[in-house]
Amino acid sequence: MSNALSELLETRDWLLADGATGTNLFNMGLSSGDAPEFWNRDEPEKIRNLYRGSVDAGSDLFLTNSFGANASRLKLHDAADQAFEFSKLSAELGREVADASGRKIIVAGSVGPTGEIMGAAGTLAHETAVEMFEETAAGLKAGGADVLWVETISAPEEFKAAAEAFANVDMPWCGTMSFDTAGRTMMGLTSTDMVSMVTALPNQPVAFGANCGVGASDLLRTVLGFSAETPSSALIAKGNAGIPRYEHGHIHYDGTPELMADYATLARDSGATIIGGCCGTMPVHLKAMREALETRPKGARPDLAEIEARIGGFSSATDGTGDTSQEPKRARRSRRRS
Amino acid sequence: MSDEEDDIILSELDDEELVQQMMDDLYDGMSEEIEEGVNILLERGWTPYKILTEPLVGGMTIVGHDFRDGILFVPEVLLSATAMKAGMAILKPLLIETGAPRMGKMVIGTVKGDIHDIGKNLVAMMMEGAGFEVVDLGINNAVDSYLEAAAREDADIIGMSALLTTTMPYMKVVIDTLVEQGKRDDYVVMVGGAPLNEEFGTAIGADAYCRDAAVAVETAKEFMQRRHNQA
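Line by line, the protein sequences give chains A and B. Numbered according to our numbering, the first sequence spans residues 32 to 369. Numbered according to our numbering, the second sequence spans residues 385 to 615.
Derived by calculation from the structure, the hints in this document are not laboratory data. Just so it is clear, CB atoms sit at the ideal spot from N, CA and C, and this is done for glycine as well. Careful: at least some of the hints might be erroneous.
Unchecked claim - List of simulated lysine-lysine pairs, DSSO-like, C-alpha gap at most 30 Å:
no.: 1; chain 1: A; residue 1: Lys318; chain 2: A; residue 2: Lys77
no.: 2; chain 1: A; residue 1: Lys77; chain 2: B; residue 2: Lys556
no.: 3; chain 1: B; residue 1: Lys434; chain 2: B; residue 2: Lys567
no.: 4; chain 1: A; residue 1: Lys135; chain 2: A; residue 2: Lys318
no.: 5; chain 1: A; residue 1: Lys77; chain 2: A; residue 2: Lys135
no.: 6; chain 1: B; residue 1: Lys556; chain 2: B; residue 2: Lys476
no.: 7; chain 1: A; residue 1: Lys106; chain 2: B; residue 2: Lys556
no.: 8; chain 1: B; residue 1: Lys605; chain 2: B; residue 2: Lys434
no.: 9; chain 1: A; residue 1: Lys106; chain 2: B; residue 2: Lys469
As the list claims (entries may be wrong) - Computed from the model, here is a short list of chain B residues facing chain A with C-beta under 8 Å:
no.: 10; residue: His449
no.: 11; residue: Gly454
no.: 12; residue: Phe457
no.: 13; residue: Val458
no.: 14; residue: Val495
no.: 15; residue: Ile502
no.: 16; residue: Ile523
no.: 17; residue: Thr550
no.: 18; residue: Met552
no.: 19; residue: Ala578
no.: 20; residue: Ala587
no.: 21; residue: Ile588
Produce the entire structure from the sequences given, and follow the hints as far as they go.
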C-alpha cells in the first residue's frame, strides 16, 4: 500500500520524528491532571504552536495531540463521547501546520493506551478495545492524518487490538511499545518478543519500535535487539531526554541537547530509521538531533559498552533477550491438574 | 518433576506439605486450590491469622521477590494476587472475628487525570497479600478524595500512583494540602509510578518512592514497625 510515510522512507536514510507532547504543553500552561486533548478544541493555536515547534526544529514527522483521545481515558474527564471529535481536530490542526510548512511533513495520528488491562487477568475485552481504537483511528483519518501511530503500549494484546482497528479503517500505521521494566515492557515482553509478535500480524506496520521507557541508553539497547532480529525492517526510536527531575514546581528532564544528538546518531547506527524523542524532548533537542544526523557520518553498529560510555548506563544488567534462565528457579512440586 | 498426570489431593497432604503446595499454587495463580487449601487448614484447627501469614503472605512474598527480580511480570503477578484474594475472601471475616493483629491500613489511588491503574492495582493486591487493609480509591483522584478517605478510614498510609508526566506533579498538590491542613504527620505518604524516581519523591515531600509493588510492601512494613516503636 502506497502512503506518504513509505514514500518518504524510500527517498531518505533516516527521518527525524518529534519530541515530547506533554512536556511542551506544560510549558504552555497545561495544568497537571487536565486532559491535553481538550486544547484541540479550546486552545487550537497552542496546539499549532506545539506542532510548529517540531516542524521548525527540523522534524519530518510529528505526532498529533491525541494520545489520550480514546473513550476509556476521556471518560475521566466526562468526555468519553468526544474521542472521534478530539482526534479529528488534532489531525486537522496537524494537517494545517504540515501543509503550510513548504516541505513534506508526515502527520502521524497518535493513539495511546486505554489504560486498562487485557488478557487473562484483565477487564478489557478484545472487541471493546478494537472498538475504542477504531473510533480514535477514524477521527484521525477524517482529520487528515497520513499514518496512524500507536505508542507507549505494554501489552501485546493491546498492540494487536490497535493493529486490528487500523486495518478496519484501512490506514497505514506504525507502532511503538514502552520497555520500562528491566529492558522489557511492563507485561514482560522483550524486544525479541515484540519482533515475533509484529511480524506475525496480518496487516504489517510501515515501521515499528520503542518509545518512552527509562532513559535513552535503555531505548538503544532495545533497538539493537530489534535490528538483530529483523535488520531490514523500518525501526523507530523515540527515547526520553534523560530522566525526570522535579525543579521549581516543574518536571524537568535532565538530558541535554548534546546528549540527545549523540543518542540520535547512535540510534541510526543501531538500525533505527525514524528517530525522535519522547518525554522531555523539546525543540532545542530536536534541532541538535537534526544537525547531528545531517553532519555526522553513519557509524558502525555500536555495542552496549559504547552506548554506556557515550550517553550513560543502563537501568538493568540485561534486557531479557537471549536469556534462558527466566524460568522460576525454585524446585517445583508436581502440579495438579486443574 | 512436572508430571502433569500426577494429581495431588490437597486433603491428603500433611500440614507442612500443604503449606508448600499452597505457596506453589499461589505462585501459579490457582484460585480454587487456594480456597480449598484455606478451608482444609481451617478444618484442621489453624487460626485464620496463621493461615494468612504462613501459606498466603509467605507465598506472596516469593511472588513479590520474583517480580522484583524480573523473573515474574505483571500478568503472572495479577493471577497470583487474584488467587490470594480468593483466599482472603474466606479469611477476612474470620480475622475480624478473632481480633487478629492489624498490619496497618492504606488508602491508595491514581492521581487526577491518570487512568493507568495497573501499577496501583498491583500495589493494592500485594499490600493485601502482605496482610494490610487496603482501601482502593480507583483512578483519577482529586486531593479531596485522598484526604476524605484517609480521615474516614483512619488510614496509616496514603499511596499515590501516576504513570504520566502530565499527572505526576499532582502528587505534590496532595502533599502540600496535607501540610496546609496540618495533617502531614498523620500519614505515611508513599508514591510510585513508571516515570517517577527517588529524587522526585523527595522533591515533592513524600515519605518514600517505591519502585515496584514488592518494594512498596517492604517499605510499608518498615514504616509500620517504626510507628509501633514510637507508640
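For this session: Please work out if Lys135 of chain A and Lys318 of chain A have their alpha carbons no farther apart than 30 Å.
Result: With a Cα-Cα distance of about 17 Å, the restraint between Lys135 of chain A and Lys318 of chain A holds, given a limit of 30 Å.
Exercise. Hey, does the Ile523 of chain B contact hint survive, CB to chain A under 8 Å?
Worked result: This hint holds: Ile523 of chain B lies near chain A, its Cβ roughly 7 Å from the closest one there, short of 8 Å.
Exercise. Against chain A, with CB atoms and a cut of 8 Å, does the hint on Val495 of chain B hold up?
Worked result: With a minimum Cβ separation of about 7 Å from chain A (threshold 8 Å), the hint on Val495 of chain B holds.
Exercise. Does Lys106 of chain A pair with Lys556 of chain B here, judged by a C-alpha cut-off of 30 Å?
Worked result: 24 Å, holds
Exercise. Holds or violated: are the alpha carbons of Lys77 of chain A and Lys135 of chain A at most 30 Å from each other?
Worked result: Holds, at roughly 22 Å.
Exercise. Quick one, is the Ala587 of chain B hint okay against chain A at 8 Å, beta carbons?
Worked result: 4 Å, holds
Exercise. Does the nearest C-beta of chain A fall within a distance shorter than 8 Å of the C-beta of Ala578 of chain B?
Worked result: 5 Å, holds
Exercise. Between Lys556 of chain B and Lys476 of chain B, does the CA-CA distance stay at or below 30 Å?
Worked result: Measuring from Cα to Cα gives roughly 34 Å; hence the hint is violated.
Exercise. Would the stated hint for Thr550 of chain B survive a check requiring a Cβ distance to chain A of less than 8 Å?
Worked result: 4 Å, holds
For this session: Compare the distance between the alpha carbons of Lys77 of chain A and Lys556 of chain B with 30 Å, and conclude whether the hinted pair is satisfied.
Result: 26 Å, holds
Exercise. Is Lys605 of chain B within 30 Å of Lys434 of chain B, Cα to Cα?
Worked result: Distance of about 18 Å is within 30 Å: holds.
For this session: Have a go at the Val458 of chain B hint: is there a Cβ in chain A nearer than 8 Å to its own Cβ?
Result: 5 Å, holds
The structure is inconsistent with the numbered hints 3, 6, 10, although it conforms to all the rest.
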